[in-house]
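Asker: Residue strings, one per chain:
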Amino acid sequence: MRGRGELIVLLGAAILACAPLLFGVYWTNLLTQAIIFGGAALGLDILVGRTGMPSLGHGAFFGLAGYGVALGVTRWSWNPWLAAAFGILATIAIALAFAPLAVRARGLTFLTVMLAFGQVCWGLATRGGEFTGGENGLPGIRRPSLGLDFWDLDSPDGFYLFTLLVATILTLAIARLAASPVGLSLQGIRDNDRRMLALGYNVAARRVVAFVVAAAAGAVYGALSAFFNGFVGPGSLDWRLSAQLLLSVVIGGAGSLWGPFAAGGALHIVRTYLTGETQRWPMVLGALYVIAVLVLPGGIASIGGVLRRRWRRPRRQAALESAP
Amino acid sequence: MNRRRFVSMLALSPLLPAAGARAQGTPAPAGAFKIGVLNPTTGQFAVFGEQVNTGIRLYFDGIGNAVDGTAIELVFADTAGDPQQALDQARRLVQEERVDLLMGTVNSAVVPPLADFAGQEQVPLVVTVGGARVVTGPDRNPFVFRTAMANGQQDRVLGWYTAERLGKQRAATFAWDFLVGEERVGGFAETFAAAGGEVVAQQKPPLGTTDYGPFISQVDPGSVDVLYAFFAGPGALAFVQQLREFGLTPDLQVVAADYFTAGVLDQMGEDAIGLIQAGAYTPALETAENQAFIEAYQAAGNEGLPGVYVEEGYTCALVIAEAIRAAGGGGKQALLDALAATQVTGPAGPLTFDERGQAVRTCYITRVEETDEGLAQVVLETVENVTQDWTP
Numbered sequence: 041m042r043g044r045g046e047l048i049v050l051l052g053a054a055i056l057a058c059a060p061l062l063f064g065v066y067w068t069n070l071l072t073q074a075i076i077f078g079g080a081a082l083g084l085d086i087l088v089g090r091t092g093m094p095s096l097g098h099g100a101f102f103g104l105a106g107y108g109v110a111l112g113v114t115r116w117s118w119n120p121w122l123a124a125a126f127g128i129l130a131t132i133a134i135a136l137a138f139a140p141l142a143v144r145a146r147g148l149t150f151l152t153v154m155l156a157f158g159q160v161c162w163g164l165a166t167r168g169g170e171f172t173g174g175e176n177g178l179p180g181i182r183r184p185s186l187g188l189d190f191w192d193l194d195s196p197d198g199f200y201l202f203t204l205l206v207a208t209i210l211t212l213a214i215a216r217l218a219a220s221p222v223g224l225s226l227q228g229i230r231d232n233d234r235r236m237l238a239l240g241y242n243v244a245a246r247r248v249v250a251f252v253v254a255a256a257a258g259a260v261y262g263a264l265s266a267f268f269n270g271f272v273g274p275g276s277l278d279w280r281l282s283a284q285l286l287l288s289v290v291i292g293g294a295g296s297l298w299g300p301f302a303a304g305g306a307l308h309i310v311r312t313y314l315t316g317e318t319q320r321w322p323m324v325l326g327a328l329y330v331i332a333v334l335v336l337p338g339g340i341a342s343i344g345g346v347l348r349r350r351w352r353r354p355r356r357q358a359a360l361e362s363a364p
Numbered sequence: 310m311n312r313r314r315f316v317s318m319l320a321l322s323p324l325l326p327a328a329g330a331r332a333q334g335t336p337a338p339a340g341a342f343k344i345g346v347l348n349p350t351t352g353q354f355a356v357f358g359e360q361v362n363t364g365i366r367l368y369f370d371g372i373g374n375a376v377d378g379t380a381i382e383l384v385f386a387d388t389a390g391d392p393q394q395a396l397d398q399a400r401r402l403v404q405e406e407r408v409d410l411l412m413g414t415v416n417s418a419v420v421p422p423l424a425d426f427a428g429q430e431q432v433p434l435v436v437t438v439g440g441a442r443v444v445t446g447p448d449r450n451p452f453v454f455r456t457a458m459a460n461g462q463q464d465r466v467l468g469w470y471t472a473e474r475l476g477k478q479r480a481a482t483f484a485w486d487f488l489v490g491e492e493r494v495g496g497f498a499e500t501f502a503a504a505g506g507e508v509v510a511q512q513k514p515p516l517g518t519t520d521y522g523p524f525i526s527q528v529d530p531g532s533v534d535v536l537y538a539f540f541a542g543p544g545a546l547a548f549v550q551q552l553r554e555f556g557l558t559p560d561l562q563v564v565a566a567d568y569f570t571a572g573v574l575d576q577m578g579e580d581a582i583g584l585i586q587a588g589a590y591t592p593a594l595e596t597a598e599n600q601a602f603i604e605a606y607q608a609a610g611n612e613g614l615p616g617v618y619v620e621e622g623y624t625c626a627l628v629i630a631e632a633i634r635a636a637g638g639g640g641k642q643a644l645l646d647a648l649a650a651t652q653v654t655g656p657a658g659p660l661t662f663d664e665r666g667q668a669v670r671t672c673y674i675t676r677v678e679e680t681d682e683g684l685a686q687v688v689l690e691t692v693e694n695v696t697q698d699w700t701p
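Residue numbers (our numbering), protein chains in the order written: chain L, 41 to 364; chain B, 310 to 701.
Treat the hints as calculated values from the structure; they're not laboratory data. Where a beta carbon is used, it is the ideal one built from N, C-alpha and C, also for glycine. Mixed in with the good hints, there may be bad ones.
[Claimed, not checked] Ranges between beta-carbon positions, derived for each pair: (1) B/Asp-520 - L/Arg-235: 24 to 30 Å; (2) B/Pro-451 - L/Leu-188: 26 to 32 Å; (3) L/Trp-351 - B/Thr-519: 56 to 62 Å; (4) B/Pro-515 - L/Trp-116: 24 to 30 Å; (5) B/Asp-529 - L/Phe-171: 41 to 47 Å; (6) B/Pro-451 - L/Leu-148: 36 to 42 Å.
[Stated by the list, open to error] Which stretches of chain B does chain L cover? Using the computed rule of at least three CB atoms under 8 Å from a CB of chain L, they are: (7) 377-391; (8) 396-403; (9) 421-429.
Pulled out of the complex, with its shape left as it was, chain L reads as follows (with noise of 0.2 Å):
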């Protein structure tokens, strides 16, 4: 089963490797972002999703590595890949110094103790002055180089393969997680922590590394969405883009890691799109969470099985009827 999960990863990673053939820059770059907020959606989906922990502030992990990458390379004038990793570690550092606190709390509690964690990161970048680049945010990011001619992170395709290999690995590896003793023991802290605490698991230690892991999932991608705008400003930490996030794991399907994935995506084409035709798109956003929830409780993941049901029933009662 496990070699299935990871064959069908890979299998999508090919389709998407072909964009760049089919596509014209404009939607190279797109995607490239669409990946990214897919990708950050699908790391939560393990805290939220699979734990059962909602989270309305891990936008803020995001943009933590996003700053950490922008300081090493326009304030300390490092070389890009060492601020990639500084801004990374530094943001699980904090996750992990964070984690034994905010998993003490749970549910509506969980969530606004991260969505005050987000507001306070929020505050520290716009009340930052020069340092932090205020409202103004850190612009001139330079992206990294992999010394390879034909393969140029400067350019959208290059990028956007680099993004799509990072993502894929790192993909493989949270589904190799989700799919361990350890994740499944996730699942069961989700549907009765009691009862895992009293089989003898250590729950608090579980849930940190539920925390830990989204955590380190959004840095990596709030590295990536860095070096893709060669910018970074307080809009990475803002508690809309934790919402959005956090929508799109309830959109896509929570738990299903590949829901949240598509709609984290594809929550961020339809706004491109959307802010150049209408000027409302938080309103198109909360229908289509109304929606979700309404029609589609279990998100665009569940949309198969509901369709297999609606199929089998009609088919089930006619067997029924044509009974003696």
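Chain B: place on chain L using the hints.
Answerer: Frame of chain L; chain B shown alone:
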């Protein structure tokens, strides 16, 4: 597909696009010049963005959306005042809509990332309002121009005027705590000090504050003889009311950059009378260009007089149209050269660019006075050829 084929594909795909033909975005109609307009039409800057867009439309409609037979096509996009969204939309305009030039932005924060983007994509960017100094600083990239004043440009004139002409010596400054406020107060303080004044107190309320009580009460009215303020919209409105409630006005003179009363002058009422501002435009100018501008504004169905934001949009459009005319279809470099050589007279007077792409304009010192037609900004002094690092 097996893993090996996927890996070989991944390695190969960066090569292929260069060799093969690629899908292109919507091509512009033959000969048309496409301009991408990036202004906020949602969010806290929406009201200003709409006014800038009004000015831009007003100018291009006035010339029949064509320059010397070249059709001008405007493509509008909403930045929401957010740098990230502005970048996403700029990418759409340049890479999909294939615009020949970008114009716009209201708030400063959007300007530096957009300027970087314009440099990478090698698309000319003419900034309408956003004053972030860095994009016309020493490291400026050659694709960026700004027709509005840079942050602090008019404040430098104001600082000199306050000390030299008004004879004030000790100032307290009030500005929202963000980079724009810092750059503006910096400009004011520099020329104020050079002319013998001294800033004795700097108050920095958080961006968007409307309760200034805690900040006003920290300034001892006896220790200062003038107050400098940089706020806008509802913030500026609340500030003048609270100054009066705390008893600082009308005894103390208040000086401010022109965005202070933009759109809220009538609501300020008596509190605004006597307020001295430095800015690039006031509808009170009696030039032929300004009269034509006001007539066009009203003929288009707008009530009252155009504010500074409408003028900024209009002037920026004028500069771009003249550059297109001068370039005469000679391509990107010709357009950049034409922009650099700009010499136009708009509703607010003459405009040229310095060697860093920053507009050199006339600065008007105005005072709010009661006239027969209600409150108006009456010109006290006109300072010509004001550069971004102006000194008297």
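Asker: Take the hints in turn and mark each one as holding or not.
Answerer: Structure-based check of all given hints:
The supplied range of 24 to 30 Å is broken by B/Asp-520 and L/Arg-235, whose beta-carbon atoms lie about 52 Å from each other. For B/Pro-451 paired with L/Leu-188, a C-beta distance near 30 Å keeps the hint of 26 to 32 Å intact. Taking the beta carbon of each, L/Trp-351 and B/Thr-519 are about 59 Å apart, inside 56 to 62 Å as hinted. Remark: the range hint 24 to 30 Å for B/Pro-515 to L/Trp-116 is upheld by a beta-carbon distance near 28 Å.
The given range of 41 to 47 Å is broken by B/Asp-529 and L/Phe-171, whose C-beta atoms sit roughly 32 Å from each other. B/Pro-451 and L/Leu-148 have their C-beta atoms about 53 Å apart, which leaves the hinted 36 to 42 Å range violated. Using a Cβ-Cβ cut-off of 8 Å, 4 residues of the segment 377-391 of chain B lie near chain L, which meets the minimum of three, so the contact claim holds. Given a C-beta distance limit of less than 8 Å, the hint that chain L covers the segment 396-403 of chain B holds, as 5 residues qualify and 3 suffice.
For the segment 421-429 of chain B, the stated coverage by chain L holds: 6 residues have a C-beta nearer than 8 Å to a C-beta of that chain, and at least 3 were required.
Going down the numbered hints, you'll see the structure goes against 1, 5, 6, while the others check out.
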